[in-house]
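Asks: Protein sequence lines, in the order shown, are assigned to chains A and B.
Residue numbering for the first sequence follows the numbering used here, starting at 1 and increasing by one per position.
Residue numbering for the second sequence follows the numbering used here, starting at 1001 and increasing by one per position.
Don't read these hints as lab results, they were simulated from the structure.
Cβ atoms here follow ideal geometry from the backbone N, Cα and C, with glycine treated the same way.
Misleading hints may appear alongside valid ones.
[Stated by the list, open to error] If we take Cβ atoms under 10 Å as the criterion, some of the chain A residues that face chain B in the derived model are:
#	residue
1	Y11
2	I41
3	G54
4	I180
5	F253
[Unchecked claim] Using C-beta positions, here's what the derived DEER-type ranges look like:
#	chain 1	residue 1	chain 2	residue 2	range
6	B	V1155	A	I30	40 to 50 Å
7	A	I30	B	G1092	40 to 50 Å
8	A	Y84	B	Y1052	33 to 43 Å
As a plain string of letters, each chain reads:
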Amino acid sequence: MIAEGKIYFKYLRMHLLSGMEYKGWWLMLIQVFVVVISDPIATILLFSRFGNIGEWTVAHIILVYALAVASFGLAESLCRGFDYFPWQMLRSGDFDRLLLRPRSLFVQVAASRFHLHRLVRPITGICAIGWALSELGVSLTPGKIAILAMALAGGCIMYCGVFVLTSGLAFFTIKGLDWIFLLTNASYQITRCPEPYMPRALKSMFSFVLPMLFISFYPAATVCGWGYPQWLGYLSLPAGTAFLGCSLLVWRFGVRHYKSTGS
Amino acid sequence: MNFSATCKACSSLFRIRMAEGLQYRVSAISGVFVSVFWGLLECILFTVFYTYSDNGAWNNNGLTLAQTLSYVWLAQGLFVLQTMSIDSEIMGKINNGDVAVELCRPLNLYTHWFVKSSAGKLGTSWLRSLATIGAGLLMPAGYALGAPASALGFVCFLLSVVMAFVLCSAFAMLVTAIRLNITWGDGPTYMLLLLSGILSGTYLPLRLWPDSMQTFLYLQPFGGFADIPLQLYVGTLTPSLALPSIGLQILWSAAFIAAGRSIMNHKLKSIIVQGG
Chain A
1 MIAEGKIYFK
11 YLRMHLLSGM
21 EYKGWWLMLI
31 QVFVVVISDP
41 IATILLFSRF
51 GNIGEWTVAH
61 IILVYALAVA
71 SFGLAESLCR
81 GFDYFPWQML
91 RSGDFDRLLL
101 RPRSLFVQVA
111 ASRFHLHRLV
121 RPITGICAIG
131 WALSELGVSL
141 TPGKIAILAM
151 ALAGGCIMYC
161 GVFVLTSGLA
171 FFTIKGLDWI
181 FLLTNASYQI
191 TRCPEPYMPR
201 ALKSMFSFVL
211 PMLFISFYPA
221 ATVCGWGYPQ
231 WLGYLSLPAG
241 TAFLGCSLLV
251 WRFGVRHYKS
261 TGS
Chain B
1001 MNFSATCKAC
1011 SSLFRIRMAE
1021 GLQYRVSAIS
1031 GVFVSVFWGL
1041 LECILFTVFY
1051 TYSDNGAWNN
1061 NGLTLAQTLS
1071 YVWLAQGLFV
1081 LQTMSIDSEI
1091 MGKINNGDVA
1101 VELCRPLNLY
1111 THWFVKSSAG
1121 KLGTSWLRSL
1131 ATIGAGLLMP
1141 AGYALGAPAS
1151 ALGFVCFLLS
1161 VVMAFVLCSA
1171 FAMLVTAIRL
1181 NITWGDGPTY
1191 MLLLLSGILS
1201 GTYLPLRLWP
1211 DSMQTFLYLQ
1221 PFGGFADIPL
1231 QLYVGTLTPS
1241 LALPSIGLQI
1251 LWSAAFIAAG
1261 RSIMNHKLKS
1271 IIVQGG
């Protein structure tokens, strides 16, 4: 276990240093920052044109949204390899080489890529959470911080699950995985819609298929006291872990049925 | 190399790339799922804003809810014309040094790549685009894609879509030419692509942006990617305004092509071939 951890960080360090070789590496930091900042602009512009929706202000939406984005960003930073896996490793046949090494496959794939600029997303997200909380006048107690931290951890685990699931399914489909975009970058867009106005089908899909609401909306509701049952806010970790668990099963199954492709 | 031979080479390149794109039908189908999901989400969001928000009933700058929904669906259809990243084949060539091989061909590199990347874009995307628009038409009444404002408007829309394709391809090539400067990495090109995406109107209908920005939003090049055709369709731009609007698209396409060519020529004089 410790050896695997060591390898993981060695890989990360290697990727970090090789990324820095590009003269313009810091441009990527700015680029991701611009992406992250520009993403909620549409929502903010809509609020500025149309005004609040009942008691939902821009701060409410940003809080829920930032929770989702920050956890997505964390997963993307730590599990980036799985995100690239179907496209780069599987189709080129590079995966065969990993199978030969006497080390955990999970660590090798997860750490096969790391970009410093991916960390911009979670950091900006956490800052946005702070801004939204102060805007809503919520004072942070240790208990609330714990709920938020759990939400982030749960979300990170859940999104790692999404990446692992993609890679697992890629063993069977090789190409044609664009729909997985629904579970990654498109999924946190649903948080732009205020929960009480969300259609039931959407709500149940994003609580029971992908436990999106459990890692973003319910923790936020518990922290700010929006009149939802308190215990819902604590479900982020179990929900995320359950999703990762299912994904790992698919991944295992995929690895067992792997037939080499590429050259 | 004479003109007719260039044309012939280009048309066969175009055909090859189109056929290649069609190989990946599954990919197109899964792309349709994403577009439809995204379109539905936007529809829900706009319906919520138009129906429940404080100023929803009046503060919409001439774009009604029905028009917005049509705009959203067609934007999903047109979105595929936009470049999200540089054509992967060309990108590979820039990164591994095959540019040198490309330069040996008796064909202008800009023309060659222009045809290649635009055909690569079109190959997969027209299927996806039509399917998405079809899905939009089949949606339940509240979320459906409406009819065009007028028959003339629809013709103008089609013309404008063709120009939007040229404009998108020209812009993609400009970005590719900039990317030839390999040491900068992907940062600047992605920022340009992002900016174009935001200002194209697929992100949020340009009419719903602050009123003070409207003139700028109309004149900037990226509105031609999607906003101008879409406004012609939903009728917020009347057919009488079609000529200047399409003219604007043509003007910007010419500007992008000229800029792309000159940057590429300049860059090729001092290109450093990477890899081996």
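Asks: Hints first: check each against the structure and report whether it holds.
Replies: Checked hints:
1. Y11: Violated, about 21 Å.
2. I41: holds (7 Å)
3. G54: holds (6 Å)
4. I180: holds (8 Å)
5. F253: Since chain B brings no Cβ nearer than about 20 Å to A/F253, farther than 10 Å, the hint is violated.
6. B/V1155 to A/I30: 40 to 50 Å: holds (43 Å)
7. A/I30 to B/G1092: 40 to 50 Å: Given range 40 to 50 Å: violated, Cβ gap about 25 Å.
8. A/Y84 to B/Y1052: 33 to 43 Å: With Cβ atoms ~41 Å apart, the hint holds.
Of the hints listed earlier, those the structure fails to meet are numbers 1, 5, 7, in rising order.
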